[in-house]
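S.K.: Please build the complete structure, drawing on both the sequences and the hints.
Chains as they are written, first to last, in the working numbering: chain A, 38 to 170; chain B, 38 to 170; chain C, 237 to 360; chain D, 237 to 360.
Keep in mind that the hints are not guaranteed to be accurate.
Below, in silico cross-link-like pairs of lysine-lysine (BS3-like), each with a Cα-Cα straight-line distance of 30 Å or less [stated by the list, open to error]:
1. C:243 / D:355
2. C:355 / C:274
3. D:243 / C:274
Examples of chain D residues toward chain C, derived with CB under 10 Å [to be verified]:
4. 270
5. 272
6. 273
7. 277
8. 299
9. 307
10. 342
11. 345
Some residues of chain C that are not near chain A, with every Cβ distance over 10 Å (derived) [as the list claims (entries may be wrong)]:
12. 238
13. 257
14. 263
15. 265
16. 285
17. 295
18. 296
19. 303
20. 324
21. 330
22. 332
23. 339
24. 341
25. 352
Bear in mind the hints are in silico, worked out from the structure with no lab data behind them.
All C-beta atoms, glycine included, are put in the ideal place defined by N, C-alpha and C.
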Amino acid sequence: MSADRVVVRHEADIISARQSARGLAATLGFSESDLILIATAISEVARNMVEYAHGGEIALRALQEGSRRGLEIVARDEGPGIADLQLAMQDGYSTGHSLGLGLPGARRLMDEFQIDSRLGAGTTVVMRKWVLG
Amino acid sequence: MSADRVVVRHEADIISARQSARGLAATLGFSESDLILIATAISEVARNMVEYAHGGEIALRALQEGSRRGLEIVARDEGPGIADLQLAMQDGYSTGHSLGLGLPGARRLMDEFQIDSRLGAGTTVVMRKWVLG
Amino acid sequence: MTPRVLKQGQFLIASLPDALTDSGWRGLRDLLMEQVGKHRSLGAVIDVSGMEVMDSYATRLLEGIARMLSLRGAACVVVGISPGVAFAMTRLGLRLSTADTALDLDDGLELLSRRVREKRPHVR
Amino acid sequence: MTPRVLKQGQFLIASLPDALTDSGWRGLRDLLMEQVGKHRSLGAVIDVSGMEVMDSYATRLLEGIARMLSLRGAACVVVGISPGVAFAMTRLGLRLSTADTALDLDDGLELLSRRVREKRPHVR
Ligand SMILES: Nc1ncnc2c1ncn2[C@@H]1O[C@H](COP(=O)(O)OP(=O)(O)O)[C@@H](O)[C@H]1O
Ligand SMILES: Nc1ncnc2c1ncn2[C@@H]1O[C@H](COP(=O)(O)OP(=O)(O)O)[C@@H](O)[C@H]1O
Numbered sequence: 038m039s040a041d042r043v044v045v046r047h048e049a050d051i052i053s054a055r056q057s058a059r060g061l062a063a064t065l066g067f068s069e070s071d072l073i074l075i076a077t078a079i080s081e082v083a084r085n086m087v088e089y090a091h092g093g094e095i096a097l098r099a100l101q102e103g104s105r106r107g108l109e110i111v112a113r114d115e116g117p118g119i120a121d122l123q124l125a126m127q128d129g130y131s132t133g134h135s136l137g138l139g140l141p142g143a144r145r146l147m148d149e150f151q152i153d154s155r156l157g158a159g160t161t162v163v164m165r166k167w168v169l170g
Numbered sequence: 038m039s040a041d042r043v044v045v046r047h048e049a050d051i052i053s054a055r056q057s058a059r060g061l062a063a064t065l066g067f068s069e070s071d072l073i074l075i076a077t078a079i080s081e082v083a084r085n086m087v088e089y090a091h092g093g094e095i096a097l098r099a100l101q102e103g104s105r106r107g108l109e110i111v112a113r114d115e116g117p118g119i120a121d122l123q124l125a126m127q128d129g130y131s132t133g134h135s136l137g138l139g140l141p142g143a144r145r146l147m148d149e150f151q152i153d154s155r156l157g158a159g160t161t162v163v164m165r166k167w168v169l170g
Numbered sequence: 237m238t239p240r241v242l243k244q245g246q247f248l249i250a251s252l253p254d255a256l257t258d259s260g261w262r263g264l265r266d267l268l269m270e271q272v273g274k275h276r277s278l279g280a281v282i283d284v285s286g287m288e289v290m291d292s293y294a295t296r297l298l299e300g301i302a303r304m305l306s307l308r309g310a311a312c313v314v315v316g317i318s319p320g321v322a323f324a325m326t327r328l329g330l331r332l333s334t335a336d337t338a339l340d341l342d343d344g345l346e347l348l349s350r351r352v353r354e355k356r357p358h359v360r
Numbered sequence: 237m238t239p240r241v242l243k244q245g246q247f248l249i250a251s252l253p254d255a256l257t258d259s260g261w262r263g264l265r266d267l268l269m270e271q272v273g274k275h276r277s278l279g280a281v282i283d284v285s286g287m288e289v290m291d292s293y294a295t296r297l298l299e300g301i302a303r304m305l306s307l308r309g310a311a312c313v314v315v316g317i318s319p320g321v322a323f324a325m326t327r328l329g330l331r332l333s334t335a336d337t338a339l340d341l342d343d344g345l346e347l348l349s350r351r352v353r354e355k356r357p358h359v360r
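M.R.: Here it is, written out as structure tokens:
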């Protein structure tokens, strides 16, 4: 299994998404410590989908670049989008009641992080992590 | 030895650059306290080169202006450049995972500080410090 | 997947499962508050060693529970944060400011006893 | 150039070399987290007196280690910041917010004992 797709609509789906990612990442040879980082990052992004976007979909994919292996997580939703991305990426900024560490924190947990959002159209987060050679 | 040149590509080169600068500065009569300021400034700038610009080169040069002696550090890279210099010079601004104090901090550590950057072409930082008369 | 809360002497011990949903957290909170009142417990150890991750959501709810317990006069110690989870929490920018921490259940119970002795010198 | 970690009673003492690379920092972090678990240490003193500079990178990693230790229930004190290094850190705009600081190893161990006593009054 080198790719997976998880619909995230309800809270319980956050746990499924986390476990799918963990499972796929484990087969790629990530360390236990990296598995926790990946599971935590996906947890943050999946919760945002449930919390702010009425759900969405997370696609998981194994990456191979030369001898380098990695995991790609693409979280896509068709929610309201984010008005000010720069603000949303700041530590402590939240329009909800939460800590505002999800997006900036996920960026710190992964090796690569891109976010794209359009008001009224949705939000896509792409995250990658590479197995330490 | 009144000039020196250090290629900074890998992390270990940051330490070499620091030690070269410290060595040259010591011969110029800087106080121990100033040597630490210089070593810290070069450490910040060298790390940026490794972190953001795939490396670069640091040129060190003794300065003499009348009876005044000083040290010039020119850090040049051909990395991606900095899009918004004013932003990059602000305390706390970082596009990486770090504290965003490197550039503004280095400016405070040295007597003179100039930065020049062109997108797609690279970044040059020139810093000077003078021996206290 | 529901948390268990046990009474041990003057303390409560809550063991969390690998993952908790919102209603699971609410259940834990209500259970702890109820049991603290019923047994007049002086503190609670919350063991998170079974939890897969401690994300910002879990941390916020845990802090909330610790704060509520403290308003009821009960101390709270979180135990069992593994090195890997501690690393991820730190990267995220999370810390526990309301709850105390200790390595494991034993250390947690010992810490609670100290806390209680500090607060009420005559209690054994 | 690798950090050493020694056990002294209930505490750990880490002595840093003049400079640490990324992997050196990672080694220090993993070693401290491992030893805290193994010896059930209540705290760690990190001696940076050998370090040439404390730049923003080193400071950030040191803070991360202190935060991780605290999540495992262990206090952390940084000692040996020379006047010159303290001056440079201040100019840079750096401060240590998570870790306590003390002048030297002796003071650091004393501070740790005090911290632990605060937390656990009867522990010597
Ligand atoms: N998928 C999303 N759709 C719409 N808005 C989002 C989404 N993800 C995040 N946001 C917005 O960005 C803000 C910051 O997100 P985050 O850093 O994860 O903090 P938190 O989730 O604690 O609010 C949120 O408060 C919300 O306004
Ligand atoms: N040599 C460089 N090449 C490209 N970008 C740079 C360079 N130096 C600094 N930057 C940019 O400027 C930002 C601020 O730099 P700095 O103040 O040193 O903080 P930090 O290094 O902690 O990110 C960096 O995050 C990076 O985006």
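S.K.: Just want to verify: residue 238 of chain C was marked as not at the interface with chain A; is every Cβ pair farther apart than 10 Å?
M.R.: holds, 13 Å
S.K.: Would you check whether the claim that residue 263 of chain C is not at the interface survives, using Cβ distances to chain A and the 10 Å cut-off?
M.R.: Its Cβ never comes within 10 Å of chain A, the nearest being 13 Å, so this holds.
S.K.: Given the hinted pair residue 243 of chain C and residue 355 of chain D, is their Cα-Cα distance within 30 Å?
M.R.: holds, 23 Å
S.K.: Holds or violated: residue 270 of chain D as interface residue toward chain C, Cβ cutoff 10 Å?
M.R.: Status holds, d = 7 Å.
S.K.: Between the alpha carbons of residue 355 of chain C and residue 274 of chain C, is the straight-line distance 30 Å or under?
M.R.: Holds, at roughly 21 Å.
S.K.: Taking C-beta pairs only, is residue 285 of chain C more than 10 Å away from all of chain A?
M.R.: Given a closest Cβ separation of 13 Å, the condition holds.
S.K.: For the hint on residue 273 of chain D, does the least C-beta distance to chain C fall short of 10 Å?
M.R.: holds, 7 Å
S.K.: Using Cβ atoms and 10 Å as the threshold, tell me whether residue 324 of chain C really stays out of contact range of chain A.
M.R.: At about 4 Å from chain A, residue 324 of chain C fails to clear the 10 Å cut-off, so the statement is violated.
S.K.: For the restraint on residue 345 of chain D, tell me whether the closest CB of chain C is nearer than 10 Å.
M.R.: Because about 20 Å separates residue 345 of chain D from the closest Cβ in chain C, which is outside the 10 Å limit, the hint is violated.
S.K.: Beyond 10 Å from every Cβ of chain A: is that where the Cβ of residue 265 of chain C lies?
M.R.: Correct as stated: the minimum Cβ-Cβ distance to chain A is 15 Å, above 10 Å.
S.K.: Below or equal to 30 Å on CA atoms is what counts here, so check residue 243 of chain D against residue 274 of chain C.
M.R.: Not satisfied, since the Cα-Cα distance of roughly 43 Å exceeds 30 Å.
S.K.: Does residue 352 of chain C clear chain A by more than 10 Å, comparing its Cβ with all Cβ atoms of that chain?
M.R.: Given that every Cβ of chain A is farther than 10 Å from that of residue 352 of chain C, nearest at about 30 Å, it holds.
Of the numbered hints given earlier, the model fails hints 3, 10, 11, 13, 17, 18, 20, 21; all others are met.
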